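Visitor: Single-letter residue listing:
Protein chains: 2
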Amino acid sequence: MSIQLGKGVASVAEVMTAATAEIDGVLQNLLPEPSGPERRLAEAMRYSVLAPGKRFRPILALATAELFNVPRRAALRVAVAVELAHTYSLVHDDLPCMDDDDMRRGQPSLHKKFDEATAVLAGDALLPLAFEIMAHVETHADAEVRVELVRALAEAAGPRGMVGGQMIDLTVEHKPADIGTITRMQQLKTGALIAFACEAGAVLGKAPTSARHALRAYARDLGLAFQIVDDLLDVEGSQEETGKRVGKDASLGKATFVALLGIDRARTQAAILADQAVAHLDVFGERAAFLKRLARFVVQRSH
Amino acid sequence: MSIQLGKGVASVAEVMTAATAEIDGVLQNLLPEPSGPERRLAEAMRYSVLAPGKRFRPILALATAELFNVPRRAALRVAVAVELAHTYSLVHDDLPCMDDDDMRRGQPSLHKKFDEATAVLAGDALLPLAFEIMAHVETHADAEVRVELVRALAEAAGPRGMVGGQMIDLTVEHKPADIGTITRMQQLKTGALIAFACEAGAVLGKAPTSARHALRAYARDLGLAFQIVDDLLDVEGSQEETGKRVGKDASLGKATFVALLGIDRARTQAAILADQAVAHLDVFGERAAFLKRLARFVVQRSH
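Protein chains in written order, with the numbering used here: chain A, 5 to 307; chain B, 5 to 307.
Zero decoy hints are in this set.
Note: identical chains are not told apart, hence a pair may lie in one copy or across any two.
Pairs of lysine-lysine residues, derived as DSS-like cross-links and limited to a Cα-Cα distance of at most 25 Å, are as follows:
id, residue 1, residue 2
1, 252, 117
2, 116, 179
3, 179, 258
4, 179, 117
5, 252, 116
6, 116, 58
7, 179, 252
8, 252, 58
9, 296, 58
10, 296, 210
11, 117, 58
Simulated from the structure, these hints should not be mistaken for lab results.
Just so we're clear, the structure is a prediction, and the values are computed from it rather than from any experiment.
Can you build the whole structure from these sequences, using the hints too?
Guide: Here it is as structure tokens:
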């Protein structure tokens, strides 16, 4: 069943709830079932992935795929691959040797619930699964499309993407950083995967390069806005709302957008970025209505 | 320059040394250069990958690619991707929460030389780099070939491969295991990537399925033989020869082939497996001479 994202009178929250149910159904099917002596691995993968996440990145992939009339089934496979890659990064970032977070998505983080070794391995298993799903012929009949998805995710996940960003993040915990460094850190750490999620729909739809560029520009601004709101929620939110420990950036003396700009300027900056993100979508006209509403929603979110 | 593996009078060791130099040259070029605030990540990747490894898996990829006249440049890219995936697994397996190994390839393991967080991240960066290299058009003009390489590596690296095997390995540290469990553990933990290395040449050469099956059968037997010798070296070898801590399996009370079979039967079993491996290559005739010699070499190795 295809949910027409953003069509009709449903609120963004309602559309996201419906899409989340769809995404979670596919995740259920594509995650390995626990069996054999390695069953703990599959249990840990399911624990972390099927926890109640926002599914922000897979929803972006679904929404951009709709711009190009990509079959829902294909879009869902790529959406799910993005979520697996995202969850892997959360599991590893939460490790004691990294950000040492005990709570994630409203439940004990994976290494707290299981153990550190299982958390390392579950993360290590989620990323190849993402590549395997995208490389499978069911994702797209055209191998050029599948291999371009793989290439782009590999770039977003690797040293010039998520991992590079996390390395900068660990570095700036220990010394002061300027807004340029923080921006670059976030563009790699969270921006690269958000950009992949937005571009993936265009790749699946064999959209022209100009469309990919427009979606990448949207993703760049949206990703930074999303991150600034994350920083704000770390200062102003509660663990109940966010599902993770708050106040940790300040306690680590970490340079964040909020620490550098102050709360008011950070909030203004997020709103400006959302406006910019929306403007990049003008080329798509009314078809991009949901993506535009999503950008506004992101800067108003409370979790 | 193409080294004809196994042609002429060169010994297996000499051929391996020459191929290692070639492989290391490509690794040097394809690993990211340290730069920017994340430079520590690239330094750690280089430290672990460019350490003196045996390059057994990439040499298998080169040798099988030669069976099908694959251009050396393409074979080297895939060989290097295999080595990156292998090194990533070593780095994570050495972590304190896993096997807690201080020495690797004759030097301090990555988390000892750098720190745990950097070791997790360097591993996390090496695997996507392997996928990125294989997905790149320079690896093969045909996207079907590239995406099949990606799919097969993803399977070998994921829950039904390396990571699943490591999960079993952690489980059997704490309780007795039978030979069936140990065999399955090794087939996943080390066998899957060795099988990928052997199959990759056939994929690159668009070889018929029968050739892939023969190489997979060779890899299955060779991989187990290789592992039994690894277990023997853990009992009989020295840290100087192996470049890593020895005696650790026994100290952990770990069920290994040697613990279950005893030294003599284990050595006999390794030789039988090498014979079986060689027999699978008969379909390739003289072209497979080097792969056959390599199987004998593996069971006689001292490091």
